[in-house]
Every structure is written in C-alpha cells, then in structure tokens.
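Undergrad: Take the sequence shown: its letter number 7 is residue 17 in the working numbering, and every next letter is one higher.
Hints in this document: simulated from the structure, not taken from any laboratory.
Be aware that one or more of the hints could be misleading.
Pairs of lysine-lysine residues, derived as DSS-like cross-links and limited to a Cα-Cα distance of at most 27 Å, are as follows [to be verified]:
#, residue 1, residue 2
1, K299, K74
2, K198, K141
3, K198, K74
For each label pair, taking beta carbons as the anchor points, the in silico distance ranges come out as [to be verified]:
#, residue 1, residue 2, range
4, D271, A298, 17 to 27 Å
5, S190, H291, 19 to 29 Å
6, N259, G31, 39 to 49 Å
7, A254, K117, 35 to 45 Å
8, P93, C142, 14 to 24 Å
9, D140, S286, 34 to 44 Å
10, K28, D250, 46 to 56 Å
11, G31, V270, 26 to 36 Å
Yeah, the Cβ is synthetic: ideal placement off N, Cα and C, and Gly gets one too.
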Amino acid sequence: MTKRAFSIGTDPEFFLKKDEGGQLISAIPHINGTKEEPAPLPNGGNIQRDNVAVEFATDPAMDKDDFVGKIQQTFKDVLTQIPAGHSLAALPSAVFDPKELDHPEAKRFGCDPDYDAWKMRENEPPCVQDKCFRSCGAHIHVGHVEGSGNEFLLEFPGMVAMVKTMDCMHGVLSTILDSSKEAISRRKLYGKAGSHRPKPEYGVEYRVLSNYWLKSPVTVMLMYSLTQDALKVVREGKHDELIASIGENQIQNVINNGLVDEATKILEKYVMQHLSEDSVHYFNEALAKIKNDDMHLTKEWELEEKA
Numbered sequence: 011m012t013k014r015a016f017s018i019g020t021d022p023e024f025f026l027k028k029d030e031g032g033q034l035i036s037a038i039p040h041i042n043g044t045k046e047e048p049a050p051l052p053n054g055g056n057i058q059r060d061n062v063a064v065e066f067a068t069d070p071a072m073d074k075d076d077f078v079g080k081i082q083q084t085f086k087d088v089l090t091q092i093p094a095g096h097s098l099a100a101l102p103s104a105v106f107d108p109k110e111l112d113h114p115e116a117k118r119f120g121c122d123p124d125y126d127a128w129k130m131r132e133n134e135p136p137c138v139q140d141k142c143f144r145s146c147g148a149h150i151h152v153g154h155v156e157g158s159g160n161e162f163l164l165e166f167p168g169m170v171a172m173v174k175t176m177d178c179m180h181g182v183l184s185t186i187l188d189s190s191k192e193a194i195s196r197r198k199l200y201g202k203a204g205s206h207r208p209k210p211e212y213g214v215e216y217r218v219l220s221n222y223w224l225k226s227p228v229t230v231m232l233m234y235s236l237t238q239d240a241l242k243v244v245r246e247g248k249h250d251e252l253i254a255s256i257g258e259n260q261i262q263n264v265i266n267n268g269l270v271d272e273a274t275k276i277l278e279k280y281v282m283q284h285l286s287e288d289s290v291h292y293f294n295e296a297l298a299k300i301k302n303d304d305m306h307l308t309k310e311w312e313l314e315e316k317a
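Make a model of the complete structure from these sequences and hints.
TA: Quick look at the structure:
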C-alpha cells in the first residue's frame, strides 16, 4: 500500500526537576527563549519557557525515522540549555511550591485561544482552582504535502474531520496509555477532546495529548503511525461512519474523564479495524512498557544524565 506524504512536528512541554530530591522548579530563570522570541537550538528547532515549564519545538519531519531523529536531537540540544543537576520531568501535571510561582510569567495561563472541534467554538480560558497547579502538553502538528491527496488539511472542514478522527485514534489510545491521576487532572483544564488550532498555512495542531508520548521512541512512532492512519480514514471519507459508530458524546466523555475500560472497548470494537499493523505493534509495545514501569525518558532516548 502506498503511504502518502505529510509533515509532522511537535512542541512538547516538560517540567524542570532537581536530580537531588526531585523538587520541581520554575524554568523561568533558566531558559532565555520566550513565546514571543523562542531561542533557536543548534541542530534545528527552538526552546522557550512557557509559564514554569520548558517547551521546545522540532522542525517538521517528513517520515517516521526523521520524526524520531529530530526529537532525539532536540532533546540532546535542550539538555545543554538547562542547569546542571537538573533534568526534564515528563509529567502531565503537578503542584508546585508557591515560591516557584512568584514571577509574573508563572501566573499567565492560556494566552492564545484554541478551539473545540466537537462544539465548533473557542474553548473557554482555563479557570485554575489550585493556584499552584501546572500542566504540560505535547501537541502534534500535521501538515499537507503537495500531491499527497491530503489537501483537505488546508480547508476548515477537513481540519475538523482530522481532529475528530485523531480523537478516535490518538485520543482514545492515549486514554488507555496515559491514565494517571496527573493526566486526568490536566484534562480538566487543557487537552479536552477536540482541542486544536487551525494552521491554514499547512494544516492543523492537535492539542489533546499530554507529554507522556515523548517518553519513548516507541510512543513517538505510535503517534506517527496513528497520524498516518487518521489521514487515510479522512482521505477515504470513512471518518463520519467511524465517529457515528462510536458516538460523538462517548468519544468526548471517554477522553475528558479518562475512562480506560470504555476506551479499550472503543478500540477493540470500532478503531482497531482502521489501524495499520505498525500502529497495533507500537501500541502493544507501549502498553507493555507502561505496565512494567519500563518507560523512562533518559533511558529510552539514550540521553546522558547531566552532571
């Protein structure tokens, strides 16, 4: 089967953690790049501080190996930018010590709006009850490539169809894989089903997922493969049938509330038939790693511990 070309990139967020004691600290004093002026990294991509988190962005990749390679190289470059004795913590959310939140930037939330593909409206700005609560996402940017048959990514109805289909695939499978209380707490504020930003110049930014999938090349390859599957479903006009078979409300309920058992039923009954062999393989490998507590960022990416 011919695989159609597309571009893919990501802009994940991570917390900074002291190696000794594991305390989370604000990245604001340590990272020079800002949302307005991200700092370029030596081998492509850029880095910035976002609230108290470290955020980096990869350059667009054109295939699976390129995507994995760009993320690994960006990780290595980012580690040269953070203070010695600290590392990146891939946590969906956390509660910070209040003294880490004194800077004005640490009190700024959700400056740029995103949108709900299901309700077809702008998402409400998050209302944080616990002023010390912070969260991290890892969004997927999907882009059209000329001659790929994915021109729908450049039109609003096609972007919405892609986001809804990614909810059926990326969102449902991530509900199974990313089921911690920290992940569910994050979804109460960010990353609800359908969250996205249209990117008319190239495609769409899918904003549902936390940073969990950046822990390992296995989950990165899974997200790449699922994106390929979702594009195929939309390109072949099968998305409406898939969505109707599951039910719009059920898709949103499962993702927003972290309903693992229901997500598993959806996967087995409705989604599995649309997945490639690669996606099934990577999902099963990721599930085994998570169940065995064998998915640790530094080990998985072969990153040297900072001195």
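Undergrad: Are the Cα positions of K198 and K141 separated by 27 Å at most?
TA: Cα-Cα ~14 Å, so holds.
Undergrad: Kindly confirm whether 26 to 36 Å is satisfied by the beta carbon distance between G31 and V270.
TA: holds (32 Å)
Undergrad: Has the hinted range 19 to 29 Å been met by the Cβ atoms of S190 and H291?
TA: holds (24 Å)
Undergrad: When you check the alpha-carbon spacing of K198 and K74, does it fall within 27 Å?
TA: The given pair, whose Cα atoms are some 31 Å apart, is violated under the 27 Å limit.
Undergrad: CB of D140 to CB of S286, is that within 34 to 44 Å?
TA: holds (41 Å)
Undergrad: With 39 to 49 Å as the target window, see if N259 and G31 comply at their CB atoms.
TA: holds (44 Å)
Undergrad: If I claimed the Cβ atoms of D271 and A298 lie 17 to 27 Å apart, would that claim hold in this structure?
TA: holds (19 Å)
Undergrad: Could you say whether the range 35 to 45 Å given as a hint is met by the Cβ separation of A254 and K117?
TA: holds (43 Å)
Undergrad: Taking the beta carbons of K28 and D250, is their distance inside 46 to 56 Å?
TA: holds (50 Å)
Undergrad: With the threshold set at 27 Å, check whether the alpha-carbon distance from K299 to K74 stays at or below it.
TA: Holds, at roughly 20 Å.
Undergrad: Measuring from beta carbon to beta carbon, are P93 and C142 in 14 to 24 Å?
TA: holds (22 Å)
Comparing the model with each numbered hint stated earlier shows that hint 3 is the single one that does not hold.
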